[in-house]
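Protein chains: 2
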Amino acid sequence: MVINPPLQGQLRLSQTTQTQEASQMLLQEGRRRVQIEGISPEIDCGRFPIKRTIGEGVNVEVDMFGDGHDAIAGLILYRKEESPEWLEAPLTPLVNDRWQGSFTVTEIGRYLYTITGWVDHFLSWRKGMAKKLEAKQDVAVDLLIGAELVEEASLRAGGDERSQLQTWAQTLRSIEREDFPILEEKVLSQDLAGLMTKYPDRKFATTYEKELAIVVDREKARFSTWYELFPRSCGEPGKHGTFKDVEARLPYIAELGFDVLYLPPIHPIGVTFRKGKNNTVVAEPGDVGVPWGIGSLEGGHKAIHPELGTMADFHEFVAKAGEYGIEIALDLAYQCSPDHPYAKENPQWFRSRPDGTIQHAENPPKKYQDIYPIEFESEDWQNLWEELKSVVLFWVDQGIKIFRVDNPHTKAFPFWEWMIGEVKRDYPDVLFLAEAFTRPKVMSRLAKSGFTQSYTYFTWRNTKWELTEYFKELTSYPARDIFRPNVWPNTPDILPEYLQHGGRPAFMIRFVLAATLAATYGIYGPSYEVCDNRPLKPGGEEYLHSEKYQIREWDLNSPYSIKDLIARVNRIRREHPALQSNNSLRFHHVDNEEIICYSKQAEDSHDLILVVVNLSPYHKQSGWLQLPLQSLGLQPDRPYQLYDLLNDAQYTWRGEYNYVEINPHVTPGHIFRVEQK
Amino acid sequence: MVINPPLQGQLRLSQTTQTQEASQMLLQEGRRRVQIEGISPEIDCGRFPIKRTIGEGVNVEVDMFGDGHDAIAGLILYRKEESPEWLEAPLTPLVNDRWQGSFTVTEIGRYLYTITGWVDHFLSWRKGMAKKLEAKQDVAVDLLIGAELVEEASLRAGGDERSQLQTWAQTLRSIEREDFPILEEKVLSQDLAGLMTKYPDRKFATTYEKELAIVVDREKARFSTWYELFPRSCGEPGKHGTFKDVEARLPYIAELGFDVLYLPPIHPIGVTFRKGKNNTVVAEPGDVGVPWGIGSLEGGHKAIHPELGTMADFHEFVAKAGEYGIEIALDLAYQCSPDHPYAKENPQWFRSRPDGTIQHAENPPKKYQDIYPIEFESEDWQNLWEELKSVVLFWVDQGIKIFRVDNPHTKAFPFWEWMIGEVKRDYPDVLFLAEAFTRPKVMSRLAKSGFTQSYTYFTWRNTKWELTEYFKELTSYPARDIFRPNVWPNTPDILPEYLQHGGRPAFMIRFVLAATLAATYGIYGPSYEVCDNRPLKPGGEEYLHSEKYQIREWDLNSPYSIKDLIARVNRIRREHPALQSNNSLRFHHVDNEEIICYSKQAEDSHDLILVVVNLSPYHKQSGWLQLPLQSLGLQPDRPYQLYDLLNDAQYTWRGEYNYVEINPHVTPGHIFRVEQK
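Protein chains in written order, with the working numbering: chain Y, 1 to 677; chain E, 1001 to 1677.
Calculated directly from the structure, the hints in this document are not laboratory data. For clarity, every value in this text was computed on a predicted model and none was experimentally measured. Check before you lean on any hint, since a few could be wrong.
Said to hold, decoys possible - List time: in silico DSBU-like cross-link candidates among lysine-lysine, alpha-carbon distance up to 30 Å:
(1) K1203(E) to K389(Y)
(2) K1367(E) to K136(Y)
(3) K1620(E) to K1464(E)
(4) K1198(E) to K186(Y)
(5) K1344(E) to K132(Y)
(6) K127(Y) to K1367(E)
(7) K1366(E) to K1220(E)
(8) K1537(E) to K132(Y)
(9) K1131(E) to K131(Y)
(10) K1132(E) to K441(Y)
(11) K367(Y) to K1620(E)
(12) K1367(E) to K131(Y)
(13) K367(Y) to K1366(E)
(14) K186(Y) to K1366(E)
(15) K441(Y) to K1131(E)
(16) K1389(E) to K1464(E)
(17) K277(Y) to K1220(E)
(18) K1131(E) to K537(Y)
(19) K537(Y) to K1132(E)
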């Protein structure tokens, strides 16, 4: 069993060990005068990596200073983990001993970065010389000091630059010391300074204690558009749908603009204590069961539910989806029905009760007798971990690279950190989405433990204040470096109250918010696009006739369907880099609590998108919105143009205050491309 | 050469090493389900210790959570560094997975602390049982599960408690399962829960990766009252003062209430390039020189300036001071005059110039030819460090335990961390005060590197906003845990503008602020108490006729002297624990920018001090101040009494708003003891 990432509680760095190690090292060198602290990003003292996608920048800040008044210089060091060679990126001072630099990650996999800094005697000398020359002081000895520094640097340089530096040293030695203008020109020469910057004396450089890690993913980790659907509801009316039926649905999904199609578990479904329609405790004959009740005589997590098709059908379906630019994501639900082969073959992976039975899931007083949770305190945990990992690798072998993980917060954290690390070491393009709607620190810890994307509280954030505060938090350090939000306005488990009461406008509003606030979002359809809003019970969030328990028929051509809006917005997302990442998100003031306004701007292009949404699904709202023109790159004294990408309308605005009016029965809002001609 | 604390840049924890170590450990145990993060206090990822004085509490907070819904429990582990045994303090949950606990440090030296947490199956069981019993579910198997947990705990218990637990296990096994009231009483028994809390199953406990350090000092590190004076100005008029003369001054200093008497360097003073009066470049015959120009033919840092007396005189003086409750603090200025023995015997400890001379101090275009700075990049740095340390140990041998360190920010940080660590390992009662008025991060780093106390920017913080913001920062985490402010309204180098222009009231105001805002403060006297306010040049901060360059005569009985105020305030400080630490400092609103109001409250007594100061030395000010009565421990609906400790006046206030009026020509303000009868 090969074990990869460091796990908490196992790695112990006692002060004593640190002291002994430090003593050894200090005996070698006590002259490192530069201090390095306060690096950002650095997650939990470097315990966890930050996340990036290919081509993204890593902006590093650090407090760096030496003793006394000597000048200092420093660099970012970074490398692909497997590469022995550090690359270097310059650091420049901001204010108050804070320095800043950046580099770009260009390959998927793991990178490391750290900081090095040193007292730069040439820089100090040059700074002092400028002042001495201005004061017309005698600099005879200083010139010799400078010559020595340049000579030493020449030994670190090669070829042509070595001889240039040697010439410079001679110049400094032989200079006419009373000839101030010429002296100044030579001593303060930019050519000399430039050469010397290339060959600093780093023998007493301080390098930061830790090498900090980055997990670099493919682009879909940052920018993806998800559609969840139950394959069994894709068949002819009255029949259990199959992979073939989902194949037939692919053109529709592609037309809507989705690039990830996520399927609930496709494995055999247990029969013991199977739940009936609308979550009734006893299933009736013909009830299809809950896909998350995994495992039957027909197999477990590596098998396919026979009613969906064969493994060959699955392969064909995955390939077909690929032709439409759609990647299939599978559900990874580590739990078993009582009929799962594990329950018979590996009962040691479950908790046994004194009466010899296996402990079913419970949340007292509720009992879930159709589910056996995995016992992560099993004596046989090593084999258990290996088996659970092998489930992922099995589906990777079938061409699956995205896993939506069911309830990861009810499985042991060390397992996730190990498993995801193991899988990504060999398959760095595999992505894991954490379905955890639980406490904030638990969700954050799952993201830190390796999950590529995470479900969010978006589902329940409705007011302007809630949305603003929450998305500010998600796009600020440290969350923005570890937690990639995947926002869902609905899921098979959650029909939020807002959607129950707001009618079709509510579905459109929440859709536009999801698709523009976050670079990655998903909907559970066709329920969503046809505006299915009937709850099982008033006040609850469960769907009536939930697909979790039964097959549903959907009218994809319903006049209520918002599919045209969905298709249009997804096209806007593809065409506008501004909407493909989250870090530039900024909220703008509107003098009406029912109207939210925010902008996104692409890092390396001029793409500026301004979104204005009416949060009320009931009433027309209007207000004055205020834009910080200068910081958006617009000249305040000139007009600017807005093109509404939702309906091709055009406006010309001038100044920071402008009026908007939105009728939710006509449109949820505006997605403006902003330009100044 | 024994080297103690970990130093940055020497200790390298690469990801690779961490991974390998973690792999080894994880192979042993992957079932640690509790996660521990976000500990406070933890300074720079545990790189530096926090500071406490004997008897102080350490309040620890931590994020702690497990997977799923199981109950968890945890403890603080702490110990004296040299003790092999961990002590334990309980952790209790706050909100949002944050836990809190505390312990008290009772000995000087170094402590370590960390956190341990575990999934507590008994607590989970008890929680579930409460709900199942309420729902009147069949709990037959659950009772057996509980019995097993209790039996296992009995094996961890000893003697009487073991048999109690065994009896409880039998009770659970034999309980009448239909008899709900009795069942509930037994299952949820507090006695059983209490016993089980004492013997939890910690076999899968997670212990935080790091052991965090505390440096515990004697009380004077936190609460001390400093007086700085030039011994040579204590003599008969026209004569160079001696230790004998300072001895004669001790009753005066004691009467004023100071407990630390800090002397500028007492070593032989160089003659080469000696500075004259008022910092003139050339000394005249008879000029006494700058005490910080250390070293002459008569010796260096371990010698005494002959004009002050002999080593025997010094010993007698130190002993005499002790009789008055006054501890002597020496100045530790690591720099040399050109006449210092080091310059001849150890020229390798200085920077040599190409012309064979030693590099003098400079800050171009200024030159300080009377000073040779130490070269911390010397090839011979190990011997240099040992020699510098030996200076401290030499004076420790002479009975000195407090060092005020001159310009520590111009010496290498690794040296301080090593030297202070070394000295305090053998002499944990030695205190170091950092005289650094430099950039914030440098000052903070010196404190982290081991300095017991630090000079502050108080000297230049005059307005209510400046004082409030600065002291809020100093008394907030993390500063409050690492940086002990020692505030000075003046020093021999700094006569602030406020004092130059505000007359005697300015001296009284700044004094009361210093002595009540900070548990530790100092004044440079007799200059301060006699209100010496003449600058060398208008707009500058140097004193005219500065004692740095010449002997001064002071009229201690000047009618302008504020010595009575000083004596009174220092007595108030001694009598009121509230003023002996900083952490309880809170500012209160006054509707006049010229009046500042704050309170301090002792941790373990009812001592509540309220200070109100008029910041204008010119005009009478009045205003309404607002007190948060409830949070100060006062009942809002009842009157409370204020005793002005400065003049024994008494007031009765009622409600949160009250009126104050202060005439700076009568009093700088009020120091109220607040009480509710």
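We went through each hint and held it up to the structure:
1. K1203(E) to K389(Y): holds (25 Å)
2. K1367(E) to K136(Y): With Cα atoms ~14 Å apart, K1367(E) and K136(Y) stay inside 30 Å; holds.
3. K1620(E) to K1464(E): holds (16 Å)
4. K1198(E) to K186(Y): violated (78 Å)
5. K1344(E) to K132(Y): This hinted pair holds, its Cα atoms lying about 29 Å apart.
6. K127(Y) to K1367(E): Distance ~15 Å between K127(Y) and K1367(E) Cα, so the pair holds.
7. K1366(E) to K1220(E): Roughly 39 Å between the alpha carbons, so the hint for K1366(E) and K1220(E) is violated.
8. K1537(E) to K132(Y): Judged against 30 Å, a Cα distance of about 25 Å means the pair holds.
9. K1131(E) to K131(Y): violated (79 Å)
10. K1132(E) to K441(Y): holds (29 Å)
11. K367(Y) to K1620(E): Outside the cut-off at roughly 74 Å; violated.
12. K1367(E) to K131(Y): holds (12 Å)
13. K367(Y) to K1366(E): Not satisfied, since the Cα-Cα distance of roughly 82 Å exceeds 30 Å.
14. K186(Y) to K1366(E): Distance ~23 Å between K186(Y) and K1366(E) Cα, so the pair holds.
15. K441(Y) to K1131(E): holds (26 Å)
16. K1389(E) to K1464(E): With a Cα-Cα distance of about 42 Å, the restraint between K1389(E) and K1464(E) is violated, given a limit of 30 Å.
17. K277(Y) to K1220(E): Violated, at roughly 74 Å.
18. K1131(E) to K537(Y): holds (24 Å)
19. K537(Y) to K1132(E): With a Cα-Cα distance of about 24 Å, the restraint between K537(Y) and K1132(E) holds, given a limit of 30 Å.
Going down the numbered hints, you'll see the structure goes against 4, 7, 9, 11, 13, 16 and 17, while the others check out.
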